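J.: In case you want the letters, here they are:
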Amino acid sequence: MSNLDPAQAARQSRMSLLAKSEPSRLAALFPALADVPAHTWLRTPEVGAVMVRGRMGGTGAPFNLGEMSVTRCALTLPTGEVGHAYVQGRDKDHATRAALVDALMQTARADEVQATVLAPLTAEATTANSARAAKAAATKVEFFTMVRGED
Amino acid sequence: MPQDTLTGGFTEAPQQSARAFRSLMNALARPGTIEEITGGTGPAPLSAAAATTLLTLCDGEMPIHLAGGHDTDAIRQWIAFHIGAPICARNQAMFAVGTWQALTPITDFPIGTPEYPDRSTTLIVEMDTLSNTGATLTGPGILTTAQLSLPETAAFQQNRLLFPMGVDCYFTAGTRIAALPRSTKVEAH
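Line order of the protein sequences matches chains A and B.
Under the numbering used here, the letters of the first sequence match residues 1 to 151, in that order.
Under the numbering used here, the letters of the second sequence match residues 1001 to 1189, in that order.
It is worth saying that the hints were derived from the structure and are not from the lab.
Because the structure is a prediction, the values reported are computed rather than measured.
No residue lacks a Cβ here, since even glycine has one placed at the ideal position from N, Cα and C.
Any given hint could be a false lead.
[Claimed, not checked] For each label pair, taking beta carbons as the anchor points, the in silico distance ranges come out as:
#	chain 1	residue 1	chain 2	residue 2	range
1	A	P120	B	T1038	21 to 31 Å
2	A	G58	B	F1021	41 to 51 Å
3	B	G1134	A	G66	52 to 62 Å
[Unchecked claim] Beyond 10 Å from chain A on every Cβ pair, some chain B residues (computed):
#	residue
4	T1007
5	A1013
6	A1085
7	T1099
8	D1108
9	P1110
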């Protein structure tokens, strides 16, 4: 995964952002984009389940954490750009919007989409992450050993 | 990535796959009957009937073998996007697609075991044309006799002797499909 070119890495990060975004937030931001082109389905939105796997401490043996529902779709714009989306939850409209954002980011309107939709989502994700990290950090226990003076 | 590897899937998966499954089931239940099957299209040389069959019957846990001229990058990518099935060698295949020349000798394919005769390959044989002429078929699902334009008869007679093991075959041409299960007796016309 580390040898992606910058364009792939950027697409990966925006798809990750869209996958984790709140359906209501994307629905609120999306109408700000004027004249979204009509799209053709390559894969109509479908709901499925994926197994979430984890590694203890990030390095241990993989284990199955549990299943989560995921909605995916793929579409193409009249100009030929292909947009994919895998989003958490069962909201098919949300998946459609995410795929349209992915497709529009490949067109000349990338800057507009970035500013209108992705930048606010990124800011909110960063805020939420740091708030959560701060809450977790507040519960951290520092262990230390008192000098026992044995020698 | 070429566009046609991403197109050609079902547009209304529940209805189209149910109709296609019905055609496939009827074809296999009544050997020699030619059914229409539509819904999917794949990159050439995959026929619409073969593409729809793969979309209907295969998923990510169903190893597919692409024989001869069907082993192209376009078809591999089409299968990866729409089905997610692994592409495998002949001796591990659950489904195999190709022309009869590419698929022979069919004795290389898994025929199942006496305990699990279902662990065998289903061949999808791409034909130029399909008609109710040629070899005579008798057996389960056929009232008296049926006729189907099989590419040859000896291989199917050998396959019949393996019963209950053996491979099942679908024959596809354009949007038409017929089937020859392992239980059918074949005689040259």
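J.: Are the hints correct? Go through all of them and say.
T.: Hints, verified against the model:
1. A:P120 / B:T1038: 21 to 31 Å: violated, 45 Å
2. A:G58 / B:F1021: 41 to 51 Å: holds, 44 Å
3. B:G1134 / A:G66: 52 to 62 Å: holds, 56 Å
4. T1007: At about 6 Å from chain A, B:T1007 fails to clear the 10 Å cut-off, so the statement is violated.
5. A1013: At about 7 Å from chain A, B:A1013 fails to clear the 10 Å cut-off, so the statement is violated.
6. A1085: holds, 15 Å
7. T1099: Per Cβ check, B:T1099 is outside 10 Å of chain A; nearest 28 Å; holds.
8. D1108: holds, 34 Å
9. P1110: holds, 28 Å
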